[in-house]
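Colleague: Whenever a hint applies, use it, and build me the whole structure from the sequences.
Going line by line, the protein sequences match chains C and R.
Using this note's numbering, the letters of the first sequence map in sequence onto residues 18 to 588.
Using this note's numbering, the letters of the second sequence map in sequence onto residues 2 to 155.
No lab work stands behind these hints: they were computed from the structure.
Be careful, since some hints might not be right.
To give an idea of the interface, some chain C residues facing chain R are shown, with a C-beta separation under 10 Å as derived from the structure [what the hints assert, rightly or not]: (1) G263; (2) V264; (3) E423; (4) L426; (5) A427; (6) P469; (7) A470; (8) D525; (9) A528; (10) G576.
List of simulated lysine to any residue pairs, SDA-like, C-alpha gap at most 25 Å [said to hold, decoys possible]: (11) C:K371 to R:D125; (12) C:K371 to R:D76; (13) R:K120 to C:R241.
As the structure is a computational prediction, the values presented were derived from the model and not from experiment.
Here a beta-carbon is modelled for each residue, glycine too, at the ideal position from N, C-alpha and C.
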Amino acid sequence: MSEEVGYTVASDSDTTREETSPEIAIGIDIGTCQCSLAVWNGSQVDLIRNTRNQKLMKSYVTFRNESPSPVGGVSNQLSHEYEMLSGASIFNMKRLIGRLDTDPIVSQASKTLPFLIQTLGVGVKPFIAALVNNMWRSTTPEEVVAIYLVEMKALAEARLKRPVRDVVLTVPAAFSRLQLTRIARSCAMAGLHVLRLMPEPAAVALLYAQQQLPKNMGDSGSERVGLIFNMGAGYCDVAIIATAGGVSQMKALAGSSIGGEDLLQNMMHWLVPEMDSLFSGRGLDEIKSMGILRVATQDAIHKLSFQPTVEIDIDLGNGTKICRVVNVEEFEEINKGVFEKCGSLIQQCLHDSKVANVDYIDDVILVGGCTNIPKLKNIVTGICNKSEVYSGINPMEAAVRGAALEGALASGVNDSFGSLDLLTIQVNAHRLGIRADGNGFVPIIDRNTTLPARREMVFTTAHENQTEALIVVYEEGDDEKLLLLGYFKVVGIPAAPRGVPEISVCMDIDASNMLRVMAGVVMPGSGTRNPVVPLMEVRMPTADDGHGLCAEALSRSFGSTLDLVTLHNKL
Amino acid sequence: MAFSTSPSFFTSPNFTVNHYQSSSPASSVRYGKARSPPISANFATATAERTTSRSPRIATTSSLYDVLGIQIGADTVEIKAAYRRLARVLHPDVGNQDSSPDEFIRVHSAYATLSDPGKRADYDRSLFVRQRMGARTSSPAGYSGRRWETDQCW
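Modeller: Below is the structure:
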């Protein structure tokens with residue numbers, strides 16, 4: 018839906034823009050490892066190629082001393098491997114954006130990526146730096162993504178011969194709201210206006226719905242149920258969708274921060290068990306060795322998707338040489354944990370979707386670079402009891418094509434042939450709730466709730482004559498870890514025995530996934546259902562860096578005095 | 002009075018999100034853009050009638066079948082078709098700029114109840130009781146208020 022601000026700025030001349038140029042938003046799939054751009058050309062989706070005529074571009078940024086503005090990986094893919102060995106290239110930022118230095122993904126990255134990631138392990142942002150002229154130049158994941166997006170914008174503008182401002186970006190289902198905020202900030206830094214941050218499976222669902230249009234036209238057409246499994250370098254998503262007549266209803270969505278990078282890290286540690294201590298110094302030689310190891314291992318993993326064995330023969334310097342043959346069975350054994358996690362994510366999604374059994378699944382849709390791995394393909398088709406996968410889409414292009422369709426839809430494009438007569442009804446990937454009942458987490462919006470959504474729960478005071486209550490809002494992430502999104506106080510509760518005032522907390526997510534939390538106080542028996550104090554309405558997230566520390570401080574300072582209790586009998 | 006029988010002030014007219022929607026498009030902080038509805042004209046008029054003819058009060062007392070515009074005996078295929086038809090008109094992504102998400106939320110929760118055999122059976126029983134007692138009492142004993150509003154299956 019259109020989320021419009023409730024105020025106008027006198028100097029804002031933005032309103033005239035739409036009437037003069039009905040710009041079609043471009044779709045961007047910014048991956049951990051690769052990135053692509055696409056746009057609706059009036060009759061279909063076109064991928065935008067770079068100057069080397071490539072549709073897929075490596076996601077990295079190289080910092081150079083001569084220019085304050087660093088160079089992204091849009092056009093110089095061939096030099097990538099060389100640059101990676103120098104410590105001047107920063108990549109994998111999609112996996113690190115919006116994470117704290119206590120996150121295991123950050124600490125693993127700090128040991129395996131050939132540039133500087135310093136972690137203190139206290140719950141603050143990690144320090145990230147590129148080596149330029151033997152000096153560490155600091156940066157942030159947001160800045161790297163923004164620099165990269167500037168390059169992408171310039172490329173798209175050159176190809177389309179028009180300014181590009183409106184974009185639809187795909188994001189992993191596992192992204193927390195804090196991570197979404199950071200990506201949106203990167204886009205703003207790059208001068209892009211985000212119409213949607215779209216979960217990758219939702220984009221794929223849109224493309225699938227379009228492809229199914231001729232087969233099930235009309236509302237009474239039979240419904241096709243699809244399972245989307247998307248795994249790239251950084252993240253893994255699963256979704257179950259039911260599609261008919263151009264409308265895809267998502268039934269369940271699940272995501273996890275596992276991806277090809279985990280396969281790569283496991284493999285590197287297996288090849289060089291002592292690599293953590295070997296590379297801890299981060300001198301020029303160590304970075305070069307890490308780069309050599311990474312490139313060779315990545316290459317080996319790619320080859321193992323198509324051949325039973327691969328030979329790795331590299332010299333890491335310092336007398337460390339690796340020369341061995343790896344076979345597929347060894348590769349699968351090394352990464353057993355990753356494959357098991359993928360399997361359980363699919364099972365969880367199937368369970369959440371309430372699809373009675375896997376025979377109801379018509380199509381298994383594989384997306385992302387990792388789905389080339391035979392083992393993963395077998396896991397997905399095995400669980401779904403299918404012998405074949407859906408062949409209608411290109412696994413490397415599905416997400417960006419879906420994003421371009423969404424871009425056309427969000428820009429108000431009409432297609433006379435009806436091929437934009439599409440809708441994806443999305444669900445919420447993470448549970449949202451507040452702290453109540455003595456430092457407990459009380460969910461208000463569950464996972465897999467159809468968007469837009471509004472849910473309300475009634476709480477009451479924990480103490481006699483309690484006049485204030487602290488609303489602390491959390492999102493549940495991977496492994497039921499709670500992330501602080503924000504907090505505010507409800508004040509002016511009339512003095513009353515505990516358990517009497519009714520404090521309603523309402524969570525609202527609109528179709529563009531914007532979360533607002535509202536709270537109001539009602540006194541039962543006062544003869545009116547009108548709130549006794551003005552309602553509070555807060556857009557989330559409001560918390561920023563160091564939100565883990567912040568949550569602890571809030572709990573320490575106000576935990577018991579401003580607590581709330583769930584009013585069970587009112588629900 | 003039980004909370005469940007009184008309309009929440011978050012959805013009632015004294016608390017609306019209108020200030021987000023009725024103002025003129027202004028700032029660059031917008032997250033979404035309007036879409037012109039990719040639907041045929043007769044759908045649009047049908048919806049216009051639906052939305053204008055129904056006040057919130059009527060909406061809370063009409064049955065879930067009324068919300069989807071189907072007969073009480075409708076089968077699953079008909080329920081799904083009705084839901085999709087309404088979604089294509091009412092979903093905020095389809096972009097009647099003045100449409101509030103409430104309409105779609107209501108349609109979806111009706112669909113969520115009626116497309117689940119267990120929930121539908123429970124609902125049908127409560128509907129039967131309500132229809133028999135509804136004429137006499139304002140708070141029917143057998144009908145558990147608007148529980149379905151907060152009780153989606155997905």
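Colleague: For every hint, state whether the structure bears it out.
Modeller: Checked hints:
| no. | hint | result |
| --- | --- | --- |
| 1 | G263 | 8 Å, holds |
| 2 | V264 | 5 Å, holds |
| 3 | E423 | 9 Å, holds |
| 4 | L426 | 6 Å, holds |
| 5 | A427 | 5 Å, holds |
| 6 | P469 | 4 Å, holds |
| 7 | A470 | 7 Å, holds |
| 8 | D525 | 8 Å, holds |
| 9 | A528 | 4 Å, holds |
| 10 | G576 | 27 Å, violated |
| 11 | C:K371 to R:D125 | 21 Å, holds |
| 12 | C:K371 to R:D76 | 19 Å, holds |
| 13 | R:K120 to C:R241 | 23 Å, holds |
Hint violations for this structure: number 10 only, all remaining hints satisfied.
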